[in-house]
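**Student:** Given chain A, put chain B in place with the hints provided.
Protein chains: 2
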Amino acid sequence: MASELARVANDGLAEICRKYPHVFPSFVAALPLNDVEGGIKEMDRAIGSLGARGVQLFTNVAGKPLSASEFRPIFRRMAEYDLPVFIHPMRGPNFPDYAAEKASEDEVWFSFGWPYETTACMARLIYSGLFDELPQAKIISHHMGGMIPYFPAKIKLGFRQIFYGTVERNPVAEERRLKKPPLDYFKMLYADTALGGEDAPTRCGHAFFGTSHCLFATDAPFDPERGRALIADTLKGVQALGLAEKEMNLIFAGNAQRLLKL
Amino acid sequence: MASELARVANDGLAEICRKYPHVFPSFVAALPLNDVEGGIKEMDRAIGSLGARGVQLFTNVAGKPLSASEFRPIFRRMAEYDLPVFIHPMRGPNFPDYAAEKASEDEVWFSFGWPYETTACMARLIYSGLFDELPQAKIISHHMGGMIPYFPAKIKLGFRQIFYGTVERNPVAEERRLKKPPLDYFKMLYADTALGGEDAPTRCGHAFFGTSHCLFATDAPFDPERGRALIADTLKGVQALGLAEKEMNLIFAGNAQRLLKL
Chain A
1408 MASELARVAN DGLAEICRKY PHVFPSFVAA LPLNDVEGGI KEMDRAIGSL GARGVQLFTN
1468 VAGKPLSASE FRPIFRRMAE YDLPVFIHPM RGPNFPDYAA EKASEDEVWF SFGWPYETTA
1528 CMARLIYSGL FDELPQAKII SHHMGGMIPY FPAKIKLGFR QIFYGTVERN PVAEERRLKK
1588 PPLDYFKMLY ADTALGGEDA PTRCGHAFFG TSHCLFATDA PFDPERGRAL IADTLKGVQA
1648 LGLAEKEMNL IFAGNAQRLL KL
Chain B
1408 MASELARVAN DGLAEICRKY PHVFPSFVAA LPLNDVEGGI KEMDRAIGSL GARGVQLFTN
1468 VAGKPLSASE FRPIFRRMAE YDLPVFIHPM RGPNFPDYAA EKASEDEVWF SFGWPYETTA
1528 CMARLIYSGL FDELPQAKII SHHMGGMIPY FPAKIKLGFR QIFYGTVERN PVAEERRLKK
1588 PPLDYFKMLY ADTALGGEDA PTRCGHAFFG TSHCLFATDA PFDPERGRAL IADTLKGVQA
1648 LGLAEKEMNL IFAGNAQRLL KL
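The listed protein sequences derive, respectively, from chains A and B.
For the first sequence, the numbering used here gives the first residue as 1408, with consecutive numbering after it.
For the second sequence, the numbering used here gives the first residue as 1408, with consecutive numbering after it.
The following block holds chain A by itself, in its conformation from the complex (with noise of 0.2 Å):
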């Protein structure tokens, strides 16, 4: 079922790249997630047939969180290919804020529940040593890194690191055998600039993943302008960052067209 809905929205996505190739270029491909050994040869389909140049996931697979073992043969097999995967959050009013309670009120499983998934995945995938087995994988991570470049010095300083560790060591991600400090795995991302464009943030974001790691995006259509106001907020956020044109333009295009191969 699963992988009948994928295929169908990835033939979808491909005739609209086949009809309107001066729009959409190409498209990234959805998965099914239930059946990993299905999920890869409709991978393979995707990006072989159809024109895919890369993957959408989402942050945990029914609850499951995507660092887990059997899911990381995707990984493995875009690695590959050397295209990116993207990770999109996936969360909703079910997921309580509150051990005494049932559910998440006033949407905060949404304005903050989503950024939240977003970095407990990255964080997940980063301690699993995702980068150490695969150094060339390219993750996208959506909403410019979730809580990411807000919280440097939570990822630097972890929680037994000051009792036991020192600034230098960190007993987790010894436990873990990570060759390199928590942060180095972190700034391999990649993020997108979709944080509806507000200034502050979007100066944050960049500095935290730079230039070559930051990809241009809006989240359009989702605002109550089915996205007008989204694209012009954000396309002034990135401009208020005053970088060089060249610069510039690797975040709006050329990130883009190195890591899709157009």
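Only true hints are included.
Computed cross-link-like contacts, DSS-like style, restricted to lysine-lysine with a CA-CA straight-line distance of at most 30 Å: (1) A:LYS1594 / B:LYS1509; (2) A:LYS1563 / B:LYS1643; (3) A:LYS1643 / B:LYS1594; (4) A:LYS1586 / B:LYS1509.
If you're looking for bench data, these hints aren't it; they were derived computationally from the structure.
**Tutor:** Chain B only, in chain A's frame:
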């Protein structure tokens, strides 16, 4: 039991302040929240007799949100005193990040769960109408407001607002009968600068809260050098804001002196 522990803690802090008044001009009191009436008695004793100039609460009370109506008398009484409520995150590894798991792994509960807790707590307090009822309430959110300064766009554009609202109309805020746009209330919060001294995040937090709502703090002694690194780094981070000396002094001392009536 909680009442007795709070009394012992507050007596101890008061004693330290009496012994070293040039270093510790005052303290903020711990309150037992399993007994709100007893909590208010301890608040009155700590502020009235011991010289406390605020209270410190945690983001949840045994799993219940601070926004629950049973805790509102605490906020009301603190507003009468016109003294600040400091709110610190509280979450352990027993709070899982994935529906299929029983615990949080790789210290995600700490590194990112704490700022998420702070953010969820602030959102719930705001949507519960705290600032409409008590516009003079002074709430200090630790760690530069958690995720708030990186995600003003997510505060401005709620989930149902995308589909059923307009740029101005947020259905959840309307259901909660908030008098102002949600973002206006988030701007009423105060924040401390405990972000480990990272330049870009500190600038992002300052851009959101403004000089008058930022108070210097460091998380010392919680680093492997007993706080020396955190103090030095955070000083540098705040100085890197490049503010005029008068503004800088507000963050380092003036704002705290004003809020704590020192």
